[in-house]
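Enquirer: Here the protein sequences line up with chains L and P, keeping their order. Start counting the first sequence at 1; every next residue gets the next number (my numbering). Start counting the second sequence at 1001; every next residue gets the next number (my numbering).
No lab work stands behind these hints: they were computed from the structure. Treat the hints with care, since some could be wrong.
[As the list claims (entries may be wrong)] Sample of chain L residues at the chain P side, in silico, Cβ under 8 Å:
#1 Ala28
#2 Leu59
#3 Leu71
#4 Pro72
#5 Gly98
#6 Asn107
#7 Tyr138
#8 Ile140
#9 Thr234
#10 Val238
#11 Gln261
[Stated by the list, open to error] Covered by chain L, according to a simulated footprint, are these stretches of chain P (three or more residues, beta-carbon under 8 Å):
#12 1245 to 1251
#13 1338 to 1344
[Stated by the list, open to error] Covered stretches of chain P, going by a simulated chain L footprint (3 or more residues, C-beta under 8 Å):
#14 1176 to 1186
#15 1356 to 1367
The model shown is predicted, which means the values in this text are computed figures rather than measured ones. Every residue, glycine too, gets a C-beta built ideally from N, C-alpha and C.
Each chain, written out:
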Amino acid sequence: MSTRSPKRLAGLVGAAVLLNLVGCSGDATLPPPELGETATTEAAAAPAQPQCSVADAALDPTRSYEPTEPLPMPGDMPAGSTMRKIQDRGRLIVGVSGDTLQFGARNPITGEIEGFDIDILKEVNAAIFGADPPAIEYRIITYADRLPNLETEQVDLVAHTMTINCNRWLRIAFSSEYYPAGQKVLVRRGSGYTGIDDLALAGARVCVPGGSTNLEFLQTDYPQIEAVERADITDCLVAFQQGQADAITADDTVLVGFAAQDPYAEVVGETFTEEPYGIGINLGQTDLVRFVNSVLDEIRANGRWDAIYATWVGGDPIEPPAAVYGRLPADEGG
Amino acid sequence: MTSGGVGGSGSFAGSTPARMRLLAIVTATIAVLLALFGWIAVSRRDQALDRTGDAAARLISVQQIRSAVIEADSIATTSFLLGGLEPADQRARYESRLADAAGGLALLFDGQAGNEREQLVEASSTLNEFSGLVEQARANNRQGFPVGAAYQRQASALVRTDLLVSLSELEQQARAEVNDNIASAHQIGWLLPLAGLITLAAMASGGWWLFQRTRRILNVPLTLGAVICVAVVGYGLIAMGDSVGRADDAVTGDLFLADRDSQARVGAFQARSDEALTLINRGNGTVNEQGFQQARSRVDALVNDGIRASTQRDLGNLFDQYVAAHETLRALDTAGDWDGAVALLIGDSATLFDNFSADIETSVTSRAADAQRNLADASSGLSAARWAILIGALSAAALVAVGYGQRLREYR
Chain L
1 MSTRSPKRLA
11 GLVGAAVLLN
21 LVGCSGDATL
31 PPPELGETAT
41 TEAAAAPAQP
51 QCSVADAALD
61 PTRSYEPTEP
71 LPMPGDMPAG
81 STMRKIQDRG
91 RLIVGVSGDT
101 LQFGARNPIT
111 GEIEGFDIDI
121 LKEVNAAIFG
131 ADPPAIEYRI
141 ITYADRLPNL
151 ETEQVDLVAH
161 TMTINCNRWL
171 RIAFSSEYYP
181 AGQKVLVRRG
191 SGYTGIDDLA
201 LAGARVCVPG
211 GSTNLEFLQT
221 DYPQIEAVER
231 ADITDCLVAF
241 QQGQADAITA
251 DDTVLVGFAA
261 QDPYAEVVGE
271 TFTEEPYGIG
281 INLGQTDLVR
291 FVNSVLDEIR
301 ANGRWDAIYA
311 TWVGGDPIEP
321 PAAVYGRLPA
331 DEGG
Chain P
1001 MTSGGVGGSG
1011 SFAGSTPARM
1021 RLLAIVTATI
1031 AVLLALFGWI
1041 AVSRRDQALD
1051 RTGDAAARLI
1061 SVQQIRSAVI
1071 EADSIATTSF
1081 LLGGLEPADQ
1091 RARYESRLAD
1101 AAGGLALLFD
1111 GQAGNEREQL
1121 VEASSTLNEF
1131 SGLVEQARAN
1141 NRQGFPVGAA
1151 YQRQASALVR
1161 TDLLVSLSEL
1171 EQQARAEVND
1181 NIASAHQIGW
1191 LLPLAGLITL
1201 AAMASGGWWL
1211 FQRTRRILNV
1221 PLTLGAVICV
1231 AVVGYGLIAM
1241 GDSVGRADDA
1251 VTGDLFLADR
1261 DSQARVGAFQ
1271 ARSDEALTLI
1281 NRGNGTVNEQ
1291 GFQQARSRVD
1301 ALVNDGIRAS
1311 TQRDLGNLFD
1321 QYVAAHETLR
1331 ALDTAGDWDG
1341 AVALLIGDSA
1351 TLFDNFSADI
1361 ETSVTSRAAD
1371 AQRNLADASS
1381 GLSAARWAIL
1391 IGALSAAALV
1401 AVGYGQRLRE
1411 YR
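Excised from the complex, chain P in its bound form (with noise of 0.2 Å):
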């Protein structure tokens, strides 16, 4: 913008007048643009929320699909122990983990296209096999034959060598998502201030040519509408900043506590099925008792963290009482007492094993119900602000043209 008409005498563009209505409808577009402007950012903003939710629930839905696996795994195995005198309720509970899982497949399946939609596809029918498998084991298993032994075996390394391996892929998808989903939204925090900046430049230098041009002082509609602009705006950038802030707290609050509890969990069950393997595997499960300390390790280090509060210790203490009965029933079984290991198993270490896991479950269950209602929570304020922006610069528009009318009138 030209600070005088010095130079432009006679032509039309030259005019004072017109050079006011060509400034006018410049400044009053530019607000116009803010109030558009204004409106993508906030949206965009509140739809890459709205993803990094959908992908946070996500990630808990993979997480609870995957603890059901690995618990129906878990309880498999430690029935296999019992032949046929398994207990009711652990079948009961191996069947609900069981249609868990499938009915969070099939939850999953809803909405997903290309390569994820093939492991989901991939991820159900192997399910279905583990659960075929785990049948034929049963069934031998009730009839006396050995064979039940190989298909428990067969089942549990589908379930280890392909179903957690794909979940745990589609696990970190999900995680991945959740990260793209909550940079993006920080990304779009620009546009607002910049379409704002521009607007009130835009204002600042008409409002002055017209000072010079008109030596008044105070144009009262323009600096209305300067005020609503840097009220509105300041509001959207309040609001934005606000909702951001506070997914940024859901996800490195809740979902991030959320996320090491299911992992946790997850190791838990690990650590338990390779326990029993050792069992079953008699006197030979080396192998086993590396994948119980490995998954031990694991699960230490993320409910022994020193992050917990400390109205959660308790699970610490929970699972360390476990792994002491581990370190007995490992005694037992290396001093040649097998049946007594077995006891320990289903008896007392079963009870140890279940109290952590109940409080576990407890804990993922709660996090990942605050992560999911915080992340929907944190962008409830950009509505308002969206419709503010809009209506705001809009007004702002109308009343530049006011102003500048004002003037203008005063020409003739």
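Excised from the complex, chain L in its bound form (with noise of 0.2 Å):
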């Protein structure tokens, strides 16, 4: 074979060969995403609850500390109370339920939160601003964040069906009893169901809010029925509508507010429990509870209690709750 192939070829060739080899090494590659895809930042786990004392447990969870007598002057609250501070910062901060028709919501048409729980936090609003007080700051918490937000003091007074008992006074504060609420069961309307008896005799899926006094009741009283845990009651609607459970239960108060959204459910028996709501306020903050106890006691008092009552449940007019006083600041929990 002749020495003479064309020497420019051949240094083509070669670096081709060179390119192709190089590129052995190189690989071109697309690094994977940057960061992190979705934000999974799970809330913290609950601290476990405390439990009261059998001794305490027998006491009525309802008594609360002596009201304030007299009321301070509206827009005048005492130097050094948590009142003062409130009308300091220029604003009262609730923690409400957003979806609980009838106790508070947001209604879609004007936007505004509104309801039971929400008349009365705006009468202690009255109370500590005066007339034509500040717009009250509304945070819409889940059940299982009203005791977490007054602990923390995200929030000044917790408005938001919540029955006091006497687990919970051993983290938190209540102000009297202002709505006798008791637990009913939704079902479907035409399911034969008439009551938690029945539910539990068929081993029924029962919805119910996580952290809410509901679960632990079925829970103790109810092992036999499924308990299907919802992060919020509405949620439970969401479940029930879904075909996930077969019934819900919760307070009277909630169910009358679901039966109202859904034509096809039926709030159905005798109530089974007794679920007094009283206003959860921080656990230091004695100033605060008697001052609300004050409120309350006025409105029970001067007609206003029964005029939330006839806008926002109606029927029959009730007597308010009777309020329950003797708690001394040291007997938390009794």
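Build the complex: two chains, separate frames, hints provided.
Expert: The structure is reproduced here in structure tokens:
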């Protein structure tokens, strides 16, 4: 074979070989996405709920601190008091439900939050600031967030269809009872269930919000029932409408609102628990508890409570629940 | 190949003409094999590049679906704050994004098998479930039923914990496929030069043997055959090197940037949804604000990265303006002016966000188109190279036969 193969061509081939071989080592690649894809910030696990002693549990949990007598003049809260801090801040910050029709719900038409709980809070707001008070700052919180929000002082008051009970008194303080609710069940119209006992017999799936007294009640008194737990009570209505639960157990106050949103649902049976509602307040703010109790006493006496009841609950008027006092700051839990 | 036929007198195979004939056959066969392997090498690179292009197209499609889904969710979430007063253009945009997502999934479904197929089926049904929940949220909302909020929450949760997760898995698969295919396109580089070198070695050693036997310096057909081999192998190598180089450029250039922009776009919509959720979860949106900040930092890193050409610096500015509006919005909400915050969200903040979102959409679309076009163009020269190698190497085989034939005839 001749040695005269063209040198230029050989050079080109050499370059091309090099190009190919070099290509072998330096692969072009797409890097993976730079940072985590979705934010999965889980809420911290709730601390264990302290339990009342048997002796304490036997006492009436609705006992609250004596009301402030007389109420300070609106807009002139005593120096150093919790109310004064709120007044100086310029607004009352409250935790409420955003979706409990008739108690605390955002009206989608007006965008306003309204309901029984809200009207009670407005009375407290007026008592602090006087006529034409600044707008309340509403924080819509879930059931499970009610106690933590008070404990960390993110809100001044919580009016969120919250039952007063002994265990909760270990973590927060309550006003006197402002509404006498009771637990009932909501079932599909024509389902044949007439109450909680039927559901227990059938081993039905019953939805309850996590962190509620209703869940505790189901677990202890009706273990046969399969509890379907949801973050919030309204999520229970979704679960019910989607067929993931046969029934919902909750306070009658909440269930009436559900039945109003779903013509194929009905509230059945008698109330099988007493759920006295109180306004939640930070455990250390005894002065605010007393103040709120005075406001509640006032509206019980002057007919305002009846008017609020007529607006949001309607039907036959009832007597406002009587306030029970006698608790001393020392007997938390009692 | 032995250098001489000294020992093998007598037998047919041992005679010089017989060896010559054998050499001719072996060398010509090697040249034919060069034609075959050359064809295979170029074809395989061509196919690997085609697969890279397909994977890139799939990556872009999945990203478009993801953007469509997350934008639909973001619109639904924001509109929810407006209740029944949802603007018609927002509604239209929501529906078109939903249609984009559904259509994109249907197109992706074509030609998929196994695991990916299942994932797509699942994604489609989740998308249906999402749109159903959004409709239920709207219907309840329009009647003033607060359960609408719960449906909306569930719809958003479904998108975030389910649909977007499986779509980002599909996206990651497509990304891996691009990388695998471009890597395999690189790997076939040795076949052609090796075959070429063996052919040339066979021709050269045969030529040397002939030269020693016949003392004839130049065998024209054999030399011509060698020149043709060198030429077509060189041409083939240049074409293959060029194609893979162009594909590399398309992947590390336009596709890389399209990928980043697309991630930034998804992150921006996530931030926007979280922003609306901070207001829907009125005063209790700490988790959503964390989500916003997480998404914001991701988008920030992607749009203010220094990689971007100076003509596209605007994108970073636009995003910064939107983030500034978000800070104002949070300040309003924290100070208790929820209504003011909502007004800002659907007013100035929406305009700023739309400016950014329109810009990044343009950027993603043009870069994705460039990437796909460049990837398709990358292998355009390979077809000619494949034929050149085939024809060239076969001609070389023929020339080998002719060249040895001349010398054989001289023995008669």
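Enquirer: Look at each hint and say if it fits the structure.
Expert: Hints versus structure:
no., hint, result
1, Ala28, "holds (4 Å)"
2, Leu59, "violated (33 Å)"
3, Leu71, "violated (25 Å)"
4, Pro72, "violated (23 Å)"
5, Gly98, "holds (6 Å)"
6, Asn107, "holds (6 Å)"
7, Tyr138, "holds (6 Å)"
8, Ile140, "holds (4 Å)"
9, Thr234, "holds (4 Å)"
10, Val238, "holds (5 Å)"
11, Gln261, "holds (4 Å)"
12, 1245 to 1251, "holds (count 5)"
13, 1338 to 1344, "holds (count 3)"
14, 1176 to 1186, "holds (count 5)"
15, 1356 to 1367, "violated (count 0)"
Hint check: violations occur at hints 2, 3, 4 and 15; the rest are consistent with the structure.
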